[in-house]
Amino acid sequence: MTISLPERPSPGAQKAFVPPVPIVRALPSGVPVWILPEPALPLASIRVVLWGGSMEDPAGRAGLAALTDELLVHGAGDRDAHAFAACAERLAIDIGTSTHSTASTVGLDLDVLHLETGLDLLADAILRPRFDKSELALVRDQIIGSIQQGQDEPETVAAWVAMREFWGEGHPLAHPVDGTEGEVSKLTRRSVMASWRKRHRGGRACIVAAGALDPDEIVSHLAARFGDWGRRKARRRKVPGPPVRTRTDCVLVDHPDATQSVISVVLPGVAAPDLRLQPLMLGVTALGGIFTSRLNRLMREEKGYTYGAKAWLDAGYGCGTVEAKASVKRESTGEALVDLFGELRRIRDGIEIAELDKARGARRTSVIEGLATRSGMASIHASLFEDGRAPDALRKGMARLESAGLDTVNAELRAVDPDRGVVVVVGDVKAIRAEVKAALPGGWRTVSVPGA
Amino acid sequence: MRAIAIPHDTFTLDNGLHVVLHRDPALPQVVVNLWYDVGSRDEAPGRSGFAHLFEHLMFMGTARTPGGSFDELMESSGAWNNAWTSSDATDYFEVGPSALVDTLLWLEADRMSGLADAMTQEKLDLQRDVVRNERRQTHEDAPYGELWLVLGEAMYPPGHPYAHPVIGSHEDLEAATVADVVSFFREFYVPNNASLAVAGDFDPREVRSSIERTFGRIPRGQRPMHARPPAVDRPQKPLVELTDKVQIPQTSFFWHAPAAYEPGDAELDFVALVLGDGRASRLYQRLVQSGLAIEVDASQQSLPLGSMFGTTAMPTEDHTVEELEAAIDEEIARLATDGPSAEEMERARNQVQSDFLHGLESLRSRATILNRYWASKGRSDWIAEDLERYRAVTAEGVRESAARLTPDRRLVARVRPE
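Protein chains in written order, with this note's numbering: chain X, 1 to 452; chain S, 1001 to 1418.
Warning: the hint list may mix true and false statements.
[To be verified] Restricting the straight-line Cα-Cα distance to at most 16 angstroms, the calculated cross-link-like pairs of lysine to aspartate or glutamate (EDC-like) are:
hint : chain 1 : residue 1 : chain 2 : residue 2
1    : X       : 303       : S       : 1122
2    : X       : 303       : S       : 1129
3    : S       : 1245      : X       : 153
4    : X       : 133       : X       : 80
5    : S       : 1123      : X       : 302
6    : X       : 15        : S       : 1203
Honestly, the hints are just simulated from the structure, not real lab data.
Excised from the complex, chain X in its bound form (with noise of 0.2 angstroms):
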């Protein structure tokens, strides 16, 4: 028996949305702090952002910038790395570090109750670590733990070796944020201490904070404990580009047995900041960015061979890309390829208007939903910074995201070029290699695992 219902309702009016800007002050040294008041539940959350990161970590020396970070955390000013721990758990102060390519990050998360507690050990881990060598050599152990359990997640070895191959062997970006085993173990406290003085100097820094917090007395707190850190005024270095190349660069990784292949497509981007971001970012969104997007539903929803398929573009300071993955089923590993290549070969003809909806509405929503946790509101605008970017940049590149047209969004995806790219793909190259040369012919050469 069929249940009748009612017509569909069609949606209602959209209301306008404009994210917030956050409020803009600076300590007495120059150190800018951007505050997002949100009094709706009595939490904060604080970030610390240093532009620079993995990209500055020293030729035989990768991983570096991660190692250096993470010790900020394992003891501090007057408390060892128990006593600093002990200190945090107690009352529930989440107090971490997180390294990207361009930039490190400090994070605080707390209730307001213990915002002093929580900012004494904030800026004790900046200005204050002690390094104490049985935890780099804890720390540097948890490290190559982490790596070799990278080595084994195909998905990992995919990422990493494409970042490898895209920027080529020596780029500042090829390197594993992490490091590899043989480099982080040679790391010694003495190369930590120097990448911590060239690095987490104020003149890098930017102070985002959001939550239950008044402006006024959040940046006397910050004042009073962060001095006169960022006098001294730094050059933020250029990234250069990758290899230009004239044809897309085709890699194997042997993964004995596997019974699913990881694919993944590293292409030319953007960068930030670009006034071609948005429109480029719209695209892509359609490309792989959704459930319904073209790539998904061909190799997910049609063809059933993968769990899915996304695209993305990662746009950095200086530095930018497209890119596309999808994990499938070992004998499909040939027809994926030929159909990954053929969808972002067809992009290039431009997107319907329908869409462009879809992606537009996409982003509106991921970035309202980024805005409902204060640690999700401190995280977006800390990336603004360490793109370069100015304080009202969400809005505006919200403002872009609304008004960018059909053409615009189609001219950066002609520019998008998948001939100009690398493709790696991790599996068992025995049963696999005849059908990815036949479905992508080329000189594919199969790599090690960096660092293995």
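Start from chain X and add chain S according to the hints.
For chain S alone, kept in the frame of chain X given last:
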């Protein structure tokens, strides 16, 4: 400690559908969360993985919303959706602009009323392939993933609802038929086996009216019967040894534990926090700080038919899983003898309160919490009582719970490099 609440109204339609409305107009967004009281525990013999496979089929369209137009309609207006299946629940949710709330509700009512009528062999075959790929990606090719495929049968007697993995076996997935889909739908996807939560920026009167006009037309079904086996006290085996394509060995302990919300459940959450949460925790200090392990954790997985308490650790290059096991045993025994310190109790309480507060941040999280309490306690307004449950935990209660974690009552699961 702070007061915790999620303001909301509830009502029940004549057909038994439980509805929760939580209004928060801070952002122009709405979340619809439809929770069905069905999971892999309800699968028939020889049909492991079916509840999860069915979840995938719920996106394959109806006569009124054919093909892929469920997702197409949603994404055309800036919404997105997803779902998850566990041993005990299947939860569907949508996030989108507030202006879309009526459409989201209609789409959920449409598939609750008409999915089975439009089911075909082609849809089943396609999603079966997708799910089998998910199994390969998340279990077979994932490091240490094989453990989660065999854990159920090592812990529970044959036929127990938790004895098989949610993802199922390739063989059982292959065996699923269109008739199975229709039968499962008729039995479990009925309004009186579900709770609908709407959270965000909406007019409660209009939304209630919209729900009554759509979901209100769907007839009540038979109230599904869920198996209620007696609590299990000991695992089926003392030891499982696996090999995998990994470089670092791993060892885990698993114990049967009191069911979710039962006496002893909150205490074991505290045991997990004292033993394994953070760098000041006992196991981190004993195993990682001393150089025995590269990582260690402890957790209480709270489940309606009986929970599972576990620890997992990975040795450093110069040490073995057996050394880690001995050290973990000693630390548990120490906690069982001396109990936690006052500082450890304060740390655990603050951590729990912080987790509750952070759970209130996003609309999506709030909608899930409201439905989870309905499913577990029969009431959506249980968050304050839940927090109270943790506030009432005593050091002696934590000690007693740790004392139940004895070597003779646990499973040891080791994964070694091939």
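Hint check:
{"no.": "1", "hint": "X:303 / S:1122", "in the structure": "holds (12 angstroms)"}
{"no.": "2", "hint": "X:303 / S:1129", "in the structure": "holds (9 angstroms)"}
{"no.": "3", "hint": "S:1245 / X:153", "in the structure": "holds (9 angstroms)"}
{"no.": "4", "hint": "X:133 / X:80", "in the structure": "holds (11 angstroms)"}
{"no.": "5", "hint": "S:1123 / X:302", "in the structure": "holds (10 angstroms)"}
{"no.": "6", "hint": "X:15 / S:1203", "in the structure": "holds (14 angstroms)"}
Checked against the numbered hints given earlier, this structure breaks none of them.
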